[in-house]
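The task is simple: from the sequences and hints, build the whole structure.
Taking the numbering used here, I'd label the letters of the sequence shown as residues 777 to 944.
Just so you know, the hints here were simulated from the structure itself, not pulled from any lab data. It is possible that part of the hints are untrue.
To be verified - Taking lysine-lysine and the DSS-like style, the derived pairs with C-alpha atoms no more than 25 Å apart in a straight line are: (1) K913 x K858; (2) K805 x K902; (3) K915 x K904; (4) K915 x K887; (5) K839 x K854; (6) K902 x K913; (7) K839 x K819; (8) K902 x K792; (9) K819 x K858; (10) K872 x K882; (11) K805 x K887; (12) K819 x K804; (13) K827 x K845; (14) K804 x K887; (15) K931 x K854; (16) K915 x K858; (17) K904 x K854; (18) K902 x K887; (19) K872 x K858; (20) K940 x K792; (21) K854 x K827; (22) K887 x K819; (23) K799 x K931; (24) K854 x K866; (25) K904 x K827; (26) K913 x K827; (27) K827 x K875; (28) K804 x K902; (29) K805 x K904; (30) K882 x K915; (31) K827 x K839; (32) K858 x K887.
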Amino acid sequence: MLETGIDIQGLKAMEKALVEIGKEVGAKKATGMMTSALRDGAKEFEDTMRKDAPESEFNRIVKTKSGSKVEIRPGFLKSRIKVRASTNRKANVTRKFGKNVVSLVKAGVFKVPYIVQVEYGTSRTKQKPFIRNSFRKKKQASVTVINRRLARKIKLAQNRIAKKYQSK
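Below is the structure:
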């Protein structure tokens, strides 16, 4: 799968606020807020990929590994474009989560074995780079969405914490 990440720099104030919120409401809530904001940013890529994905004109019948035949209809590739998110709530270093990784959000085409041939082409077919193009087009818009959503979630959490202490 095509792996490309975005490293957002200059978010020290937001990171500090998330740590403060994590102390008040718990680390699980804070990491959930981060994952939610990243998921919203990844939706930008998903929408562009779905719009630009190639679609075949006819049905194809393909053999599976078990030998049975399956009909692939036009638009099958578009139906496999998804956003997947996971949160490292226990802060463990695993095969999935590396060191200092809290949230992992992937936007792409899942469970389609021929996606590499579509994206990069073969000797007989031309490339149709809709994944790379969507990343180039929406990279800045996605970062903006992530920043805004995260700032809004932090502000709401700070207001809730302040309200909780005022009522005491």
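Comparing the hints with the structure gives:
no., hint, result
1, K913 x K858, "holds (18 Å)"
2, K805 x K902, "violated (46 Å)"
3, K915 x K904, "holds (19 Å)"
4, K915 x K887, "holds (24 Å)"
5, K839 x K854, "holds (20 Å)"
6, K902 x K913, "holds (21 Å)"
7, K839 x K819, "violated (33 Å)"
8, K902 x K792, "violated (48 Å)"
9, K819 x K858, "holds (9 Å)"
10, K872 x K882, "holds (12 Å)"
11, K805 x K887, "violated (31 Å)"
12, K819 x K804, "holds (22 Å)"
13, K827 x K845, "violated (29 Å)"
14, K804 x K887, "violated (30 Å)"
15, K931 x K854, "violated (36 Å)"
16, K915 x K858, "holds (17 Å)"
17, K904 x K854, "holds (14 Å)"
18, K902 x K887, "holds (22 Å)"
19, K872 x K858, "holds (18 Å)"
20, K940 x K792, "holds (20 Å)"
21, K854 x K827, "holds (8 Å)"
22, K887 x K819, "holds (19 Å)"
23, K799 x K931, "holds (15 Å)"
24, K854 x K866, "violated (34 Å)"
25, K904 x K827, "holds (13 Å)"
26, K913 x K827, "holds (12 Å)"
27, K827 x K875, "violated (35 Å)"
28, K804 x K902, "violated (46 Å)"
29, K805 x K904, "violated (40 Å)"
30, K882 x K915, "holds (14 Å)"
31, K827 x K839, "violated (28 Å)"
32, K858 x K887, "holds (10 Å)"
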